[in-house]
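Novice: Residues per chain, in single letters:
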Amino acid sequence: TQLLEQSPQFLSIQEGENLTVYCNSSSVFSSLQWYRQEPGEGPVLLVTVVTGGEVKKLKRLTFQFGDARKDSSLHITAAQPGDTGLYLCAGEDTNAGKSTFGDGTTLTVKP
Amino acid sequence: DAGVIQSPRHEVTEMGQEVTLRCKPISGHDYLFWYRQTMMRGLELLIYFNNNVPIDDSGMPEDRFSAKMPNASFSTLKIQPSEPRDSAVYFCASSRDSYEQYFGPGTRLTVT
Numbered sequence: 052t053q054l055l056e057q058s059p060q061f062l063s064i065q066e067g068e069n070l071t072v073y074c075n076s077s078s079v080f081s082s083l084q085w086y087r088q089e090p091g092e093g094p095v096l097l098v099t100v101v102t103g104g105e106v107k108k109l110k111r112l113t114f115q116f117g118d119a120r121k122d123s124s125l126h127i128t129a130a131q132p133g134d135t136g137l138y139l140c141a142g143e144d145t146n147a148g149k150s151t152f153g154d155g156t157t158l159t160v161k162p
Numbered sequence: 010d011a012g013v014i015q016s017p018r019h020e021v022t023e024m025g026q027e028v029t030l031r032c033k034p035i036s037g038h039d040y041l042f043w044y045r046q047t048m049m050r051g052l053e054l055l056i057y058f059n060n061n062v063p064i065d066d067s068g069m070p071e072d073r074f075s076a077k078m079p080n081a082s083f084s085t086l087k088i089q090p091s092e093p094r095d096s097a098v099y100f101c102a103s104s105r106d107s108y109e110q111y112f113g114p115g116t117r118l119t120v121t
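Just so you know, the sequences run in chain order D and E. One gets our numbering by counting positions in the first sequence from 1 and adding 51 to each. One gets our numbering by counting positions in the second sequence from 1 and adding 9 to each.
Among the clues, some could well be false.
Stated by the list, open to error - Among the chain E residues that face chain D by a calculated CB cut under 8 angstroms, a handful are:
(1) Leu52
(2) Tyr57
(3) Phe100
Said to hold, decoys possible - Residues from chain D shown here face chain E by an in silico Cβ test under 10 angstroms; the list is partial:
(4) Leu83
(5) Gly142
(6) Gly148
As the list claims (entries may be wrong) - Sample of chain D residues with no beta-carbon within 12 angstroms of chain E, all distances over it, derived:
(7) Glu68
(8) Asn75
(9) Ser82
(10) Gln88
(11) Gly104
(12) Glu105
(13) Arg111
(14) Leu112
(15) Gly117
(16) Lys121
(17) Thr128
(18) Ala129
(19) Thr135
(20) Leu137
(21) Lys161
The hints are simulated quantities; they were obtained by calculation from the structure and are not laboratory data. Glycine included, every Cβ here is placed at the ideal spot set by N, Cα and C.
Build the full structure now, drawing on both the sequences and the hints.
Specialist: Below, the structure written as structure tokens:
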């Protein structure tokens, strides 16, 4: 089973600050997804990255896939309280035909 | 589209009782996944289906758990008999391609 480690596990910052969270593995993934989960709801898909070195931007969120397709990062600029939630990464394991989820980073943005 | 629909949203039951969770996937999605989420263990894949056929049930904890998908628009996850350690949030997700998954709102199960 391919494992994904996310760091940090918890992050608490003030509104307006920038932050980066990481998703690392020793395995290569065909693609990687990032999800955000708010309390009491299911995870919501944010983005898919496929190509090594790929960078995708979603408003204030920037996602990067590592050159070797083993790791990814999510950078948030000028964080807002609405960014609060659990951020999960998931790697597509083509051999197993399913995705492996990391344990997530819990982000709290204080107003 | 209404998204993935799960019912009930909350379930409280006594140990030993049978529990049935229900899921309606997004129309046109060929993959359906059942997950369990707890603080201790995070998000765990229990089982997934492709075109109504169970593909991987290696995550099902034990024989007390069973899942069915009788048609493309309906799936159930059954726990019989339920135990307090089964208390968790259970999510259903569907997907066109097995990796970009769309999750339902979850069922919060409490077994007393």
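Novice: Taking the hints in turn, state whether each one holds.
Specialist: Hint check:
no.	hint	verdict
1	Leu52	holds, 5 angstroms
2	Tyr57	holds, 6 angstroms
3	Phe100	holds, 5 angstroms
4	Leu83	holds, 9 angstroms
5	Gly142	holds, 9 angstroms
6	Gly148	holds, 6 angstroms
7	Glu68	holds, 26 angstroms
8	Asn75	holds, 16 angstroms
9	Ser82	violated, 6 angstroms
10	Gln88	violated, 8 angstroms
11	Gly104	holds, 19 angstroms
12	Glu105	holds, 15 angstroms
13	Arg111	holds, 22 angstroms
14	Leu112	holds, 17 angstroms
15	Gly117	holds, 17 angstroms
16	Lys121	holds, 16 angstroms
17	Thr128	holds, 25 angstroms
18	Ala129	holds, 27 angstroms
19	Thr135	holds, 17 angstroms
20	Leu137	violated, 9 angstroms
21	Lys161	holds, 22 angstroms
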